[in-house]
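*Asks:* As a plain string of letters, each chain reads:
Protein chains: 4
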Amino acid sequence: MEPAYCDVRALTEQLAAPLSAEDQTVQSMPDTSPTKWHRAHTTWFFETFVLGADHVPYDPSFAFLFNSYYEAVGPRHARPERGVITRPGVAEVTAYREHVDAAVRSLLDGELSPRTCELLELGLHHEQQHQELIVMDIQHVLSRNPRQPAYGPLPWKPRMPVALDGWIDHPGGVVAIGHDGRGFCYDNERPRHDVLLRPFQVARSLVTCGEWQAFIDDGGYRRSELWMSDGWHSVQALGWEAPEYWSRADDWQRFGLAGSGPVEPADPVLHVSWYEADAFARWRDARLPTEAEWEAVAPPVDVGDDGGWYGTAWQWTASPYTAYPGFRPAPGAVGEYNGKFMVNQQALRGGSLATPRGHTRRTYRNFFPPASRWMFAGVRLASD
Amino acid sequence: MEPAYCDVRALTEQLAAPLSAEDQTVQSMPDTSPTKWHRAHTTWFFETFVLGADHVPYDPSFAFLFNSYYEAVGPRHARPERGVITRPGVAEVTAYREHVDAAVRSLLDGELSPRTCELLELGLHHEQQHQELIVMDIQHVLSRNPRQPAYGPLPWKPRMPVALDGWIDHPGGVVAIGHDGRGFCYDNERPRHDVLLRPFQVARSLVTCGEWQAFIDDGGYRRSELWMSDGWHSVQALGWEAPEYWSRADDWQRFGLAGSGPVEPADPVLHVSWYEADAFARWRDARLPTEAEWEAVAPPVDVGDDGGWYGTAWQWTASPYTAYPGFRPAPGAVGEYNGKFMVNQQALRGGSLATPRGHTRRTYRNFFPPASRWMFAGVRLASD
Amino acid sequence: MEPAYCDVRALTEQLAAPLSAEDQTVQSMPDTSPTKWHRAHTTWFFETFVLGADHVPYDPSFAFLFNSYYEAVGPRHARPERGVITRPGVAEVTAYREHVDAAVRSLLDGELSPRTCELLELGLHHEQQHQELIVMDIQHVLSRNPRQPAYGPLPWKPRMPVALDGWIDHPGGVVAIGHDGRGFCYDNERPRHDVLLRPFQVARSLVTCGEWQAFIDDGGYRRSELWMSDGWHSVQALGWEAPEYWSRADDWQRFGLAGSGPVEPADPVLHVSWYEADAFARWRDARLPTEAEWEAVAPPVDVGDDGGWYGTAWQWTASPYTAYPGFRPAPGAVGEYNGKFMVNQQALRGGSLATPRGHTRRTYRNFFPPASRWMFAGVRLASD
Amino acid sequence: MEPAYCDVRALTEQLAAPLSAEDQTVQSMPDTSPTKWHRAHTTWFFETFVLGADHVPYDPSFAFLFNSYYEAVGPRHARPERGVITRPGVAEVTAYREHVDAAVRSLLDGELSPRTCELLELGLHHEQQHQELIVMDIQHVLSRNPRQPAYGPLPWKPRMPVALDGWIDHPGGVVAIGHDGRGFCYDNERPRHDVLLRPFQVARSLVTCGEWQAFIDDGGYRRSELWMSDGWHSVQALGWEAPEYWSRADDWQRFGLAGSGPVEPADPVLHVSWYEADAFARWRDARLPTEAEWEAVAPPVDVGDDGGWYGTAWQWTASPYTAYPGFRPAPGAVGEYNGKFMVNQQALRGGSLATPRGHTRRTYRNFFPPASRWMFAGVRLASD
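These protein sequences, in sequence, are chains X, L, D and P. First residue of the first sequence: 1, per this note's numbering; consecutive thereafter. First residue of the second sequence: 1, per this note's numbering; consecutive thereafter. First residue of the third sequence: 1, per this note's numbering; consecutive thereafter. First residue of the fourth sequence: 1, per this note's numbering; consecutive thereafter.
Since the hints were made in silico from the structure, they are not lab data. You may find that some hints are simply not true.
As the list claims (entries may be wrong) - Pair ranges (Cβ atoms, derived):
no., chain 1, residue 1, chain 2, residue 2, range
1, X, Ala150, P, Gln14, 33 to 43 Å
2, X, Ala237, D, Arg87, 52 to 62 Å
3, D, Ala176, P, Ala78, 28 to 38 Å
4, P, Pro60, L, Leu238, 40 to 50 Å
Claimed, not checked - Looking from chain X toward chain L, a few residues come up when the C-beta cut is under 8 Å (computed):
no., residue
5, Ala63
6, Leu65
7, Val73
8, Asp180
9, Gly183
10, Phe184
11, Asp194
12, Met228
13, Ala237
14, Val343
15, Asn344
What the hints assert, rightly or not - Some, not all, of what chain P presents toward chain D, calculated at C-beta under 8 Å:
no., residue
16, Glu71
17, Val73
18, Val195
19, Arg198
20, Ser224
21, Ser383
22, Asp384
Keep in mind the model is a prediction, meaning the values are calculated, not measured. Where a beta carbon is used, it is the ideal one built from N, C-alpha and C, also for glycine.
With the sequences and hints as input, model every part of the structure.
*Replies:* Here it is in structure tokens:
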């Protein structure tokens, strides 16, 4: 457990290392959080749920400032105001991290109760989620700067999925969906249960930028009949003409972690909302896979990933994010982790270029509102 | 077909009869529409989709004014502004209805193509939906008047469900869900398909006002742990302390079609949002049934309805409103009827006191956003 | 007093006579009020302030529904919701008017205290203000209808101002401004006081539509340097390209009380905001007159009005609407009539085509926020 | 000129010195700007208006990022988004300042045209205004932090006004108002002109916190009759119960540059809006002085300031901020400095504890919207 703890904690700092104090402080929209907030919040999680009642809090204001949404723990600072808090600054957050890390490493030297082990493990996976959020959020902040500054390379080697044609066929029938209990999973991946599927196909590759340009050129963003009613309202109200971070001078450009550059047709498309994914699928006389369909055909995460299943783009599904039959949230405040968001969100599967290695798995369920686009989300088609 | 046409069209006018020109003109929130708009829109539907291209429109402005949301038909007046349109007034809308009725009756005297028959039938069911909306909407308008005026009795005899204890058990297994094709149904009720259910129970009765008062008294609206995150935000932002139309002087009062009166504990609770239904179920250590569970145990609609299945309250389900496997929307503009709303809505089943007789059926799927409360919606619990 | 009372009260009904019950019920924006609300409110004024404590109110809900903004009288219905109140309807409001008229006529048969006479007189002038609002407001409601229906002719003969060239010169010096106490005036027209003016000129005529078209054609709405900062924000945020009610197919059209028709270049321009008036003046290297300058050169109201001083367009001044030196509001609730609005408003002088005859006077001060355009407001230039 | 230039530029950096990179980056509401934005904008002013066309801009993005509102200079970054721009960071802004300072000092070694001298002088006064904004804005940012951090002492010694009883009497008559042309002034302080005043009194002291507590305790914030209509709306909509930065545990506390501490009854009240100043004056059966009245009785700025005229609180006047008779804005872009804000603002006089020494003068006109409270604004009463 201790090497894992130190590795995960170190990776957060590695992701923050290229960022100045200024970069780490701001919030570009209520969905994002400042980098230093993520660094402090993930630390608060260990301080609150693992170190627990015997531990004297590092600072009395941190429970209020760095509790994200755990109603059971107490009142918290309003999310849209996170970017106004300049103190503690990045150095004090670093000191906070070091203090809590020392206390946790101390704890790890001794006997841990099963409950503490669980919470520790949950805290590490929680921090991994925030590692991806750090990347999503700073990309958004930097995108709002007219100078279009680059974040730089991620600490891990990017995967370039191979372009594979065709479809994976599945004959349907009863399939078991959900985590089987071996190894860590979130509460929302259980209980494992049977689902009855009809015959279907899932595309071998992710939708590419070139395909998306064809959608744009064929009036995809101007033809209401392709869209859900709410999606069409978003297109009109928000002026969508292309995925987030795309802009057009003569040709399409896109902003990313490396700054601005031309849209590459062979690249998988990223930063599309569920509404756009759904409309694109309709344009292609196809559809999005359900969560169960995706899980039924996806390879395990540790197999080589040539089709972009786990390391390029979270893939929108047709499924709203709901409870599996028999779902019970975890007891205590950490039960607020997943269950209370099971409405108004669509489920995504897989993992992205910004997902830390080892974090995701085939049964992993991600979820975002259908209009959100600042995640590394893309499209894998399905068909009856 | 002709008696049915005349009966349905007459029922709309019967519902509007107690309402003055003033009552029929206003809009109390963007979700509601003026009664005269409903009367004109349902007529526009027949004029546009049934009388078709050979028919000279009654008025050139009506396509713009009374098209609800059919993008394929053309631009339309903005929904939130429907209550600003004073002309045509109620008399002119009556004349419009009579003109189109005469043309349709003419058509009915001759040979009808199968397509025309379908569209005619769809138009009648469409008008029945608007009959319920007329009732929902005028109740909302009148509720906003400090004088709390009564609408009066509905043209049909209300059903008072018998209070039944206990649960209906279902052993689970594969059940066929969706319409079997005999008789009219909406496109969203098909295709009929198999669903695998786990064993479950559904309550024999609807949740009552007395039970809801116990929920309120036990802090139901003050305990965040009972609510979805979005539901808790709604409670706080909108100041919910009780169902819509309830108010408290000493005791709880509720406003309804008969004006203001005391909340009757034995009455089924009405006008609760999905968020409230979900929180109430959680408080009771129960849950809401899925659409498939509800359909698997509901009696047919023409059997005597002692448990409040079809004639009291639409019952919230746990299911987001989505497409059945293999769903294809109807061709043409009428395909915009249901399919383009399959996101951001939760499904309801059954029927309410304001649903015209003969309109609903076991496979009928209603849907509203999770925060909406102005419908005659209530709760039937389920459990694993 | 009695003939005046009956005449004023009858004129209100004459203005409402062409309007249906539907027309009289709606509210097209929070600034407007339904016609039936105006008819009821002006009656409430007499019932509350003139008939007073001995009189049994016609209906217990009317104080809440028809009190406009008199905090001292009690809570009132929210202004933006006036268009949702369908009951009382127009017939009941007519009955209310007749009931109160009978009571007032009774009162007029006896001895009136000076205080009662004052309040009665204030009530009549108050009703005259609402007569102009009835016209402004119904024009706005009808303008929002795609059929562009006409209200029809006003009960009085319109004045067509003669186009006069040139300027009226004034040598400056000390002038007495404000009402001299002979005859009725509002509290804000007093006390009469001395003002020191520099030499100035005021134009003999109102700015015309033809002149305004030249302003448009010269990029008036696209050149930020002509506008106050707040005015430029309004132009951009609200998309202003021309005065309110103007629209362009090939040529400029304008909507008015007679429906839609071409803009006539010789007509005085109407329905411009203070921001537009100020920008136009800047474009012309001129300015708006101050209230004192306007009053110093305006002819008395009963002299023939060839220059459009009193019966065409309220004329924007450069003056914010503030208290005259020594201003004391009237005692009691009626002191809320004018004084509490002396911030965030710009003053206008004169009178318009919709101002009842006999209502305005040279010292009369009108006021509206600088962005408002639904009044019959136009421009008379001034210069140093 | 050069010592003045260096001194003013150094004072800005001295004010920023206690602030971290984090502190200098954020924006707590659209009215505030980040400290580093102020430091860059004041530099941009010299680079743009003084160094002019021969000078190669330090960075091509700075014109867009640091132009505040000069439409004539070109498009600019949206004000509410200033707190999202993390690059350039504080170090790069320091380098920008040093670069431009070197260029200006070079310029100062040679012959300067009169126009350049004017613009240089304007730039120094402009920077002094931003020095006060830096203090106002960082106090607001820090106030939003639950830890209530202190900014620290200002670089200059605070003035504690002596509490003086009574009034200064003025007999009225014609007084000359406005700048006489000797020394620097802004364009809005001219032309000097005659104003006719009635006899009046102005209080010798500023209103104190103790007096304000009496206003609160007497229901000042709960009695609508004391307030302008718009002021009462603000009280209700914004929940005002006391001046900005006051809070109540048992006793009243206030947050300031030194952090949180008890309200001291003898201190002049600060951080009140015009609406509050106007309501307080009404409560005291007094009023606010007009700009002309204030200027007629205020001592010159270089005389010892015992009454809190110039170094404690900007004093609200009864005067809307308008153009003096004969006002002409300065030519060129710098003419956008003051004139285009002459609507929707109320005028203030004097100076505050955060106004750099030597910046203000008797004829100096400050202005803010009537609801704004984050300035060091207080109250000096007047009376007829």
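*Asks:* Determine for every hint whether it applies to the structure shown.
*Replies:* Okay, the hints, checked on the actual structure:
no.	hint	in the structure
1	X/Ala150 x P/Gln14: 33 to 43 Å	34 Å, holds
2	X/Ala237 x D/Arg87: 52 to 62 Å	36 Å, violated
3	D/Ala176 x P/Ala78: 28 to 38 Å	49 Å, violated
4	P/Pro60 x L/Leu238: 40 to 50 Å	48 Å, holds
5	Ala63	17 Å, violated
6	Leu65	19 Å, violated
7	Val73	11 Å, violated
8	Asp180	17 Å, violated
9	Gly183	25 Å, violated
10	Phe184	23 Å, violated
11	Asp194	6 Å, holds
12	Met228	5 Å, holds
13	Ala237	13 Å, violated
14	Val343	5 Å, holds
15	Asn344	5 Å, holds
16	Glu71	4 Å, holds
17	Val73	11 Å, violated
18	Val195	7 Å, holds
19	Arg198	5 Å, holds
20	Ser224	4 Å, holds
21	Ser383	11 Å, violated
22	Asp384	6 Å, holds
In terms of the numbered hints stated before, the structure departs from hints 2, 3, 5, 6, 7, 8, 9, 10, 13, 17, 21, listed from lowest to highest.
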